[in-house]
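K.L.:
Each protein sequence line maps, in turn, to chains H and Y. Residues in the first sequence are numbered from 17 upward in steps of one, following my numbering. Residues in the second sequence are numbered from 17 upward in steps of one, following my numbering.
Heads up, a few of these hints could be off.
The list treats identical chains as interchangeable, and a pair is accepted whether it falls inside one copy or across any two copies.
Unchecked claim - Straight-line alpha carbon distances no greater than 20 Å define the calculated SDA-like cross-link-like pairs of lysine to any residue that follow:
no. : residue 1 : residue 2
1   : K552      : S519
2   : K409      : S523
3   : K552      : R471
4   : K552      : A455
5   : K183      : A164
6   : K186      : V423
7   : K552      : A520
8   : K409      : E566
9   : K552      : H472
10  : K311      : S545
11  : K508      : T307
12  : K311      : D541
13  : K227      : A540
14  : K311      : E533
15  : K215      : F226
16  : K560      : S519
17  : K552      : I483
Since the hints were made in silico from the structure, they are not lab data.
There are 2 protein chains.
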Amino acid sequence: MSRFAGYLPILEWVREYNRGALGSDVMAAVIVTIMLIPQSLAYALLAGLPPVVGLYASILPLVAYALLGTSRTLAVGPVAVISLMTASAAGSVAATGTAEYLEAAITLAFLSGIMLAVLGFVRAGFLANLLSHPVISGFITASGILIATSQLRHILGIEGGGDTLPKQIKGLAPNIGDFNIPTILIGVSSLAFLFWVRKGAKPLLVILGFKPNIADILAKAGPILAVIAAILAVMLGGLTERGVAVVGAIPSGLPPFAVPQVDFGLWSQLWLPALLISIIGFVESVSVAQTLAAKRRQRISPDQELVGLGASNIAAAFSGGYPVTGGFARSVVNFDAGARTPAAGAYTAVGIGLASIFLTPLLFLLPIATLAATIIVAVVSLIDFKTPLHLWKYSKSDFAAHTATIVMTLAMGVEVGVIVGVVTGLILYLWRASRPHAAVVGRVPGSEHYRNIDRHEVITWPHILSIRIDESLIFLNARWLEDYVLERMAEKPELRHVVLLCSAVNSIDASGLESLEAINHRLADAGISLHLSEIKGPVMDALKNSDILEELHGIVFLTHDRAIAHLIQLTSGEPEGEDHWHARGLI
Amino acid sequence: MSRFAGYLPILEWVREYNRGALGSDVMAAVIVTIMLIPQSLAYALLAGLPPVVGLYASILPLVAYALLGTSRTLAVGPVAVISLMTASAAGSVAATGTAEYLEAAITLAFLSGIMLAVLGFVRAGFLANLLSHPVISGFITASGILIATSQLRHILGIEGGGDTLPKQIKGLAPNIGDFNIPTILIGVSSLAFLFWVRKGAKPLLVILGFKPNIADILAKAGPILAVIAAILAVMLGGLTERGVAVVGAIPSGLPPFAVPQVDFGLWSQLWLPALLISIIGFVESVSVAQTLAAKRRQRISPDQELVGLGASNIAAAFSGGYPVTGGFARSVVNFDAGARTPAAGAYTAVGIGLASIFLTPLLFLLPIATLAATIIVAVVSLIDFKTPLHLWKYSKSDFAAHTATIVMTLAMGVEVGVIVGVVTGLILYLWRASRPHAAVVGRVPGSEHYRNIDRHEVITWPHILSIRIDESLIFLNARWLEDYVLERMAEKPELRHVVLLCSAVNSIDASGLESLEAINHRLADAGISLHLSEIKGPVMDALKNSDILEELHGIVFLTHDRAIAHLIQLTSGEPEGEDHWHARGLI
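With the rest of the complex left out, here is chain H (with noise of 0.2 Å):
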């Protein structure tokens, strides 16, 4: 059972649902639906597919995720980087407008869909652990950039369009003559409204009498208030027959229920896109998820998050959607008017499924200008110019990363971009695992401590050699340890005895052990012993599954300093340098 209900986590709400929760959910299922319709309409719009794909996709994958996800006000649906990840991998295959580019839309939220179920299924969220955080906030930048400037044909009434920055540049310049005055203006306009109504509505509202947090929900309206306003301004003023672009007739109804095509063909071009998207909209959700839960002291379960958004993809690929995730804002919305349980996702379906039965046919005249406002608005808070100067002084490899996946991302587009910043992070990573910290250390006079040779004055010995591991031994520093033994060594000429101290070694693998036995073996060919001190409890459980405890050429020590003392005993040996004449001024 408890086994069970892991993969289905609405048992474990639904028993105690009452009549508090039901009215809690409802009250934020009816505020977020107004927020999404506009949204939903310009993320499919961003994605270049007819506006209503975007209420089909918010309708069968929230109750799929009411079902199956493990947050309990996650609010999943379209959202803009994904949208625009849809967008460049539906264009390299389709034409936009076309029935094909709809089905390359459709096929990846199935691919996704079952990728996100089966990385699930297996647990195997751990690999979103490959996007580091200055990868995924380079990304989000560079598509943030590239949302936006995508719009401004829309709001320039123009031709264009692109998936990298150049293209975006080379497709607008031949066409920057042709604006449109009436849609600028209602573009401007909407803009400003929608700027001004994210920072000022609120504090007007309370100014009017509303409580804070009532205020701020109402100003999560805004965008709704200014589809309604552009609507009427276009109707009252004739403006389509004055070049303003409209949304247009949208089939009225419920999204079409149909099994997607199983085309091999398209698959084998769309899997690494879909991948890509899989792991972008995953990674982003469960980001989102576990701040809202943490704030109400409950868990989510990465790998069950994992079958929830790849139910949720599977049934957008069912009822004619696109690739869906956990957003933002909505589910910040959704928490904030008090959603309790998943279910709120579900009236939530239910209230854009009656909108895109009944409202589809007042939204005629609603003008691209508008939805293209509304996306500029949303995106323009992913552009982030404060984490490459936090980076800069924080640690060079990262902002390198981070560079590398912004330029990567606007010059050749999002695919290009998110496998740059990866392999970049990955290979910084193995860069600095392959050269961790080590230390010649001697003895503080006086004392059993032994500190760094370069860092302290302390005692050192001609035929001991003492050297502190600070890291693992695992494959990717296992030459690394070889080179650094062997060069010390060199620098010896009278050594006898090597220890390792190894009280900062948390674990070795079967390469680290490898690279111990062959040092054990070259120093014991140069007539050198290897000993071993301070090995931790399940490190020294591990080793004794092999052969090196009866091949060492030395001892293993509990402490470094019983090490030294019978190594000096064996060699009767007298410190070098000046500490040597030090120590020999102190008998």
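Following the hints, complete the assembly by docking chain Y onto the known chain H.
P.N.:
Leaving out everything else, chain Y in the frame of chain H:
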């Protein structure tokens, strides 16, 4: 000068070169030459190339390495595993025996040479760390099996071939009835003699009065004896007429000097195999070079080795050869025979050059079966059945990477095998790195020490959670730490303070920092303060370049005990559970 000398290691030894070194080097060169002649012919056969190409690959590359390599005793030339990889890669673009096939082999050497040299100049030797010991050893075992089985057809005198085990079986099965008795006799007796000579010749020679080290070297000439005997047998028995395949006409003379063709179509097909050949060759060569250098307390420079091997392969490409690397067997012979400087390699090149001028006519009647026997005897020692057993005992994940490499190499060929091995190793590593160890700790009664609550009887407090992190905080485990802390937090309803004990945290990258900040904010949202204790010096230096120390809703303590003492005062907390009762009993 010193920087320049780093790229021209010859400057280090050439000024001290004297008659003693000359004598030792010439002696070693003669012995290595005798050993190399049959081996070079045999490995060229294995690579699917005319035998003389093996000789060509053993002349200029040796001179290039003598100039640029850092090992005093490494002997470069054709080796078994690289020959197999060459056969697989060249076979994928051309048919054996064609001019295109030879061109592909030369291109592989050229590309591989350029890649190695570039990696050397950018000091990227660390990339070889991607190959863990279990992956390399699995790859070499599987290659040994593939090589041995690929030679069976020459011993039986039948047709066949293929670069994977299934293909070999499919290739051999229909022809198995066509075996040729005289070929089998020659092949099996060559095999028997060569196996015996490896173990039995030395003791016999010692009994005959030779010194052990001389006997050892003479025994290494066994293959050349087998070659001479086999040629005589074919000549005297007229065996070519009875169906014994022989080497046939080999063009006499020095290798042709020719600039390799630059065919970008071919390059795009061969860059991946060339990269794999480079990395495998480099890893093998460096481990041989390090082993030998350590015996004489010498040092090699892995990055400069890349340059030396790169130059060798470029030299091979300019002189009609194919990819080369430092070989284990020949280097050991060179070392044991007393070679003192890389000049020995240059003298060996002269020896092989003389052989290719004067000796090739004598090799007309050399049976292919004898060369196949030479190969089988050489590679049987590569096959290692002990490693899987050791790995199974020591580390299941290393065992998994090892087994995956063997199975995929046998089933899908050398390229897929290496890639699967590297990817499996990395995924298992990332999986482990993303789940590091941490422990909730409590105070050992009557002390200032803090230990894992699951392993020791310790005191804890209901308002305070102490977590010891046993790993650096990096992007691979950043999400894990958030999960871990939030899960532990959810277990303690009265919690007010979390203290992270950071004594084992060797570094914190930007993702780890971001994660700490997220934990700080999320705990604050739940009314809990985050404190840190025992941060290492270099980590603290880095954190001072970030905002975390200002944003922290808690305090950074020098020792964990001070943290606990302070927080107990703050919360006037009493210990919880049995220890609570116990502690009160003590008062």
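K.L.:
None of the hints should be skipped; say for each whether it holds.
P.N.:
Quick rundown of the hints versus the structure:
For the identical chains of this complex, K552 and S519 are neighbours both inside a copy (6 Å) and across copies (15 Å), given an alpha-carbon limit of 20 Å. In this assembly of identical chains, the alpha carbons of K409 and S523 lie at most 20 Å apart only when taken from different copies (15 Å versus 31 Å within one copy). Taking the closest pair of Cα atoms, K552 and R471 come within 20 Å of each other only across two copies (15 Å); inside a single copy the shortest separation is 25 Å, beyond that limit. Taking the shortest Cα distances, K552 and A455 sit within 20 Å of each other both inside one copy (18 Å) and across copies (15 Å).
In this assembly of identical chains, the alpha carbons of K183 and A164 lie at most 20 Å apart only when taken from the same copy (14 Å versus 55 Å across copies). Proximity of K186 to V423 under the C-alpha cut-off of 20 Å is restricted to the intra-copy arrangement: shortest distance 18 Å within a copy versus 50 Å between copies. Proximity of K552 to A520 under the C-alpha cut-off of 20 Å is found in both arrangements, the shortest distances being 8 Å within a copy and 12 Å between copies. Taking identical chains as interchangeable, the C-alpha atoms of K409 and E566 lie at most 20 Å apart only when they sit on different chains, with a minimum of 16 Å there against 48 Å within one chain.
Taking the closest pair of Cα atoms, K552 and H472 come within 20 Å of each other only across two copies (16 Å); inside a single copy the shortest separation is 25 Å, beyond that limit. Taking the shortest Cα distances, K311 and S545 sit within 20 Å of each other only across copies (14 Å), while inside one copy they are farther apart (57 Å). For the identical chains of this complex, K508 and T307 are inter-copy neighbours only, at 19 Å across copies versus 55 Å inside a copy, given an alpha-carbon limit of 20 Å. When the C-alpha separation of K311 and D541 is checked against a cutoff of 20 Å, the pair qualifies only between copies, where the shortest distance is 5 Å, while the shortest distance within a copy is 61 Å.
Taking the shortest alpha-carbon separations for K227 and A540, neither the intra-copy value of 80 Å nor the inter-copy value of 24 Å comes in at or below 20 Å. Proximity of K311 and E533 under a CA criterion of 20 Å is satisfied inter-copy only: 15 Å between copies versus 51 Å inside one chain copy. In this assembly of identical chains, the alpha carbons of K215 and F226 lie at most 20 Å apart only when taken from the same copy (16 Å versus 95 Å across copies). Proximity of K560 and S519 under a CA criterion of 20 Å is satisfied intra-copy only: 17 Å inside one chain copy versus 26 Å between copies.
Within a single copy, K552 and I483 get their C-alpha atoms as close as 16 Å, and across copies as close as 19 Å, so both meet the 20 Å cut-off.
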